[in-house]
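Using the sequences and the hints given, assemble the complete structure.
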Amino acid sequence: MGSVRTLNARQRAFLEAVRFGALATVDPNGSPHLTTMWYLVDGDEIMFNTARGRRKPDNLSRDPRVSLLVLDGYTFVRVAGSAREAATGEAALADIHRLAVRYDGEEAAAGAMERFRTQERVSYRFVIERVYASADLR
Amino acid sequence: MPSGYGVPKGRTGMLTWTEVRAALEKSGRFWIATTNPNGGPHVIQQWGAWLDDRFYFEAGTTPAGRRTSRATSASSSRATTATWRSSSTASRGPHRSPTAALAERIVRSYTARYKRKYGYAPTVSSWDEGGLYVVTPAKILAWVVARFNKSATKLTFG
Chain A
1 MGSVRTLNAR
11 QRAFLEAVRF
21 GALATVDPNG
31 SPHLTTMWYL
41 VDGDEIMFNT
51 ARGRRKPDNL
61 SRDPRVSLLV
71 LDGYTFVRVA
81 GSAREAATGE
91 AALADIHRLA
101 VRYDGEEAAA
111 GAMERFRTQE
121 RVSYRFVIER
131 VYASADLR
Chain B
1 MPSGYGVPKG
11 RTGMLTWTEV
21 RAALEKSGRF
31 WIATTNPNGG
41 PHVIQQWGAW
51 LDDRFYFEAG
61 TTPAGRRTSR
71 ATSASSSRAT
81 TATWRSSSTA
91 SRGPHRSPTA
101 ALAERIVRSY
111 TARYKRKYGY
121 APTVSSWDEG
131 GLYVVTPAKI
141 LAWVVARFNK
151 SATKLTFG
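Chains as they are written, first to last, in the working numbering: chain A, 1 to 138; chain B, 1 to 158.
Treat each hint with caution, since some may be false.
What the hints assert, rightly or not - Computed, partial: chain A to chain B, Cβ under 8 Å:
id, residue
1, 22
2, 24
3, 32
4, 62
5, 69
6, 71
7, 78
8, 117
9, 119
10, 137
Derived from the structure by calculation, the hints contain no laboratory data.
Here a beta-carbon is modelled for each residue, glycine too, at the ideal position from N, C-alpha and C.
This is how it looks when you write it as structure tokens:
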């Protein structure tokens with residue numbers, strides 16, 4: 001079965017559960033770069049957040065294409081698209097707080113915000129252009 | 001690790017290569033990022049084997065399989081608990097003709113991991129026409145998920 005462009009209900013529920021994602025971008029030399037990420041499904045988009053100065057923002061400014069794999073055992077959803085810079089400043093801090101609450105809870109998120117506020121956070125979003133999932137989620 | 005993750009500068013809590021290698025050798029599922037023919041990134045989960053500090057995996061000899069010869073980044077999660085995550089940037093390339101002794105060891109590793117549960121085991125002739133790839137780590141970032149800030153460790157290889 002090939003990829004499709006939209007999530008079905010089971011795929012969406014799988015992505016909405018708290019799981020890490022493996023996000024691939026492309027390095028300047030054309031090699032892939034893989035990081036474990038917090039992410040959030042927001043409508044038909046995926047949002048993630050990072051800090052300026054890291055590899056991902058540099059890579060995405062040059063080549064916005066991303067591939068995100070989320071899995072649990074052999075059950076998986078992979079989505080792909082082109083990421084755009086969606087928020088900076090206070091809006092990006094609000095996004096990372098939202099992500100921190102999703103993954104670590106309110107108390108831990110509140111503690112982490114002190115550190116996040118020392119960074120130049122930036123949020124990215126991508127419209128899901130391709131979805132490929134394990135058979136049990138199709 | 002990049003600044004901003006809250007990882008202390010001291011060595012306390014860091015992982016040793018022995019610990020990381022043990023986790024990689026035990027892992028049965030690996031995440032591999034490749035690039036598509038159009039240059040875009042692509043992530044998959046893959047079976048494989050760590051032997052002698054190298055990662056071997058099968059990708060077939062189809063166009064899709066050959067694409068994975070460009071793999072340069074891999075991650076590992078250990079079983080369902082995902083206790084460890086590691087990634088490596090590596091030199092890469094197809095390993096088209098392993099010696100018989102190496103092929104036998106790779107077969108044994110695959111068999112031990114995957115035969116009983118999934119009924120899969122390659123043979124020593126499985127890669128006579130190619131389809132076996134090797135990743136030699138250049139850098140590994142490793143941590144224990146439950147104590148990321150204290151355990152995050154970067155290991156580099158000469």
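Exercise for the section: Double-check residue 71 of chain A for me: the hint is only fine if its C-beta lies closer than 8 Å to a C-beta in chain B. Expected result: holds, 6 Å
Exercise for the section: Would you settle whether the hint for residue 78 of chain A is holds or violated, based on the nearest Cβ-Cβ distance to chain B being less than 8 Å? Expected result: Hint holds; residue 78 of chain A Cβ to chain B Cβ min 6 Å, cut 8 Å.
Practice task
Would you check whether residue 137 of chain A satisfies its interface hint, that is, whether its CB is within less than 8 Å of any CB in chain B?
Solution key: Result: violated, 14 Å to nearest chain B Cβ.
Exercise for the section: So, residue 117 of chain A near chain B? Judge it on the closest CB pair being under 8 Å. Expected result: Since chain B brings no Cβ nearer than about 11 Å to residue 117 of chain A, farther than 8 Å, the hint is violated.
Problem - Hint check: 8 Å Cβ-Cβ cutoff, residue 119 of chain A to chain B - result: holds, 5 Å
Handout entry: Evaluation of the interface hint that places residue 62 of chain A against chain B, nearest CB under 8 Å
Key = Because about 11 Å separates residue 62 of chain A from the closest Cβ in chain B, which is outside the 8 Å limit, the hint is violated.
Problem - chain B contact restraint for residue 24 of chain A - C-beta distance below 8 Å - result: Because about 4 Å separates residue 24 of chain A from the closest Cβ in chain B, which is inside the 8 Å limit, the hint holds.
Problem - Interface hint outcome for residue 32 of chain A [beta carbon to chain B under 8 Å] - result: This hint holds: residue 32 of chain A lies near chain B, its Cβ roughly 4 Å from the closest one there, short of 8 Å.
Practice task
Identify whether the interface hint at residue 69 of chain A stands, where standing means a beta carbon of chain B within less than 8 Å of its own.
Solution key: holds, 4 Å
Exercise for the section: Mind checking the CB of residue 22 of chain A against every CB in chain B and telling me if the closest is under 8 Å? Expected result: holds, 5 Å
The structure fails hints 4, 8, 10 (numbered hints given earlier, in ascending order).
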